[in-house]
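J.: Letter by letter, the chains look like this.
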Amino acid sequence: MTFSVLVEVQLRPGISDPQGQTIERALPTLGFDGVSGVRVGKSMRFSVDADNEAAARAQVDEICQKFLTNPVIEDAIITLDQQ
Amino acid sequence: MSSRVGVVQFPGTNCEFDVVEAVTALGGQGELVWHGDSVLPQVDAIVVPGGFAHGDYLRPGAIAQFSPIMNAVKEFANSGGPVVGICNGFQILTETGLLPGALQKNSGLKFLCQPAQLRVETTESVLTRSAEVGQILSVPINHFEGNFTCSEETLAELRDQDRIVVTYVDNPNGSMGDIAGVCNEGRNVVGLMPHPERASNALLGSTDGNIMFSSLLEAAISASV
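Quick note, the sequences are listed as chains A and B, same order. At position 49 of the first sequence the residue is numbered 49 (the working numbering), and the sequence of numbers has no breaks. At position 181 of the second sequence the residue is numbered 181 (the working numbering), and the sequence of numbers has no breaks.
Any given hint could turn out to be false.
Where chain B lies over chain A, by a calculated footprint (3+ residues, C-beta under 8 Å) [as the list claims (entries may be wrong)]:
hint, stretch
1, 10-18
2, 67-76
Taking lysine to any residue and the SDA-like style, the derived pairs with C-alpha atoms no more than 25 Å apart in a straight line are [said to hold, decoys possible]:
hint, chain 1, residue 1, chain 2, residue 2
3, A, K66, B, N71
4, B, K74, B, I221
5, B, K110, A, V40
6, A, K66, B, L155
7, A, K66, B, A62
8, A, K42, B, F144
9, A, K66, A, T2
10, A, K66, B, I63
Away from chain A, derived, C-beta distances all over 12 Å, residues of chain B [to be verified]:
hint, residue
11, N14
12, W34
13, D160
Because the hints were derived from the structure by calculation, they are not lab data. Just so it is clear, CB atoms sit at the ideal spot from N, CA and C, and this is done for glycine as well.
So that you can see chain A by itself, here it is in the shape it has in the complex (with noise of 0.2 Å):
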């Protein structure tokens, strides 16, 4: 089976996002007002052969804990769709 893997990069909670911040802070200046928590991170999409869900699902984690994050600042959501 082939699964559409998207996996969103985010910094983890806590950790001082200063590029949200300056979206923050542009958005009142722009006339966008009640906007807050912005936090910036970056996706990546990509195709997955497995077995079953579970298995895609297992490898995916293993390449974000290994390379597409830094664990120590980020962490990943994972999305998973069968083609």
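Knowing the structure of chain A, use the given hints to seat chain B on it.
T.: Just chain B now, with coordinates in the frame of chain A:
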């Protein structure tokens, strides 16, 4: 006997020749080591220099940590050999797990290229053994991701174990604890964001970096006997 210092070169490294020059000017023997090799030549110390290894793609150091030479560097470090990571080299050493913490974007989101005043916090490291605690060194910084970040527990551990090697007198990038450089538990692996090789000759405006390279050369001699 002159110490042999291996200077690791990745695609995208750009400070390797400056480090070789600085080490050689102090009587050491600097030589380049290619990242694709899996065996180190006979060296007494290793420097992972600055630049943009593998283009800094994904994150600084994220890809470099898997270069073949890094297994040999880890073994060298784990057997007590002196290893220093400068700027991008510091980022690479945190990614490999040889040093704690991570370097994230500067708090002001500016690429900083300027002289920095550093305070020596400990002389119990391969990079500061010839310096004095409290000594102020003028060494340039040149980075976008130099904001040292770690958990509160790690910071407390670094303080308790006297592993903060140098701090900024005037914190330019938001680093926790004003940290500019740290060492591992064995004190033989040091990473710092400032560039001592750019403060190694009066023509460059400062020679304060030479105290660090002299320390490394001394440490290299004692490690090799």
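J.: Are the hints correct? Go through all of them and say.
T.: Now the hints, each set against the structure:
Figure legend: the stretch 10-18 of chain A, annotated as covered by chain B; annotation consistent (4 residues with Cβ-Cβ distances under 8 Å, at least 3 required). Three residues within the 8 Å Cβ limit are the bar, and the stretch 67-76 of chain A against chain B gives 5, so the coverage statement holds. With a C-alpha separation of about 15 Å, the suggested pair A/K66 and B/N71 falls inside the 25 Å cut-off, and the hint holds. For a cut-off of 25 Å, the pair hint linking B/K74 to B/I221 stands: about 19 Å separates their Cα positions.
A distance of roughly 17 Å separates the Cα atoms of B/K110 and A/V40; the hinted pair therefore holds under the 25 Å criterion. Straight-line distance between C-alpha atoms of A/K66 and B/L155 comes to about 23 Å, which keeps the hinted pair within the 25 Å bound. The suggested pairing of A/K66 with B/A62 holds, with an alpha-carbon distance near 9 Å, which does not exceed 25 Å. In summary, the hint linking A/K42 to B/F144 is supported, as the alpha carbons are separated by about 18 Å, within the 25 Å threshold.
Restraint check for A/K66 and A/T2: the C-alpha separation of about 22 Å stays at or below 25 Å, so the hint holds. For the hint linking A/K66 to B/I63, the alpha-carbon distance of about 11 Å falls within 25 Å, and the restraint holds. Consistency note on B/N14: stated as away from chain A, and its beta-carbon is indeed over 12 Å from all of that chain's, at 23 Å minimum. The Cβ of B/W34 sits about 22 Å from the closest Cβ of chain A, beyond the 12 Å cut-off, so the non-interface label holds.
Separation of B/D160 from chain A is adequate, the least Cβ-Cβ distance of about 19 Å exceeding the 12 Å criterion.
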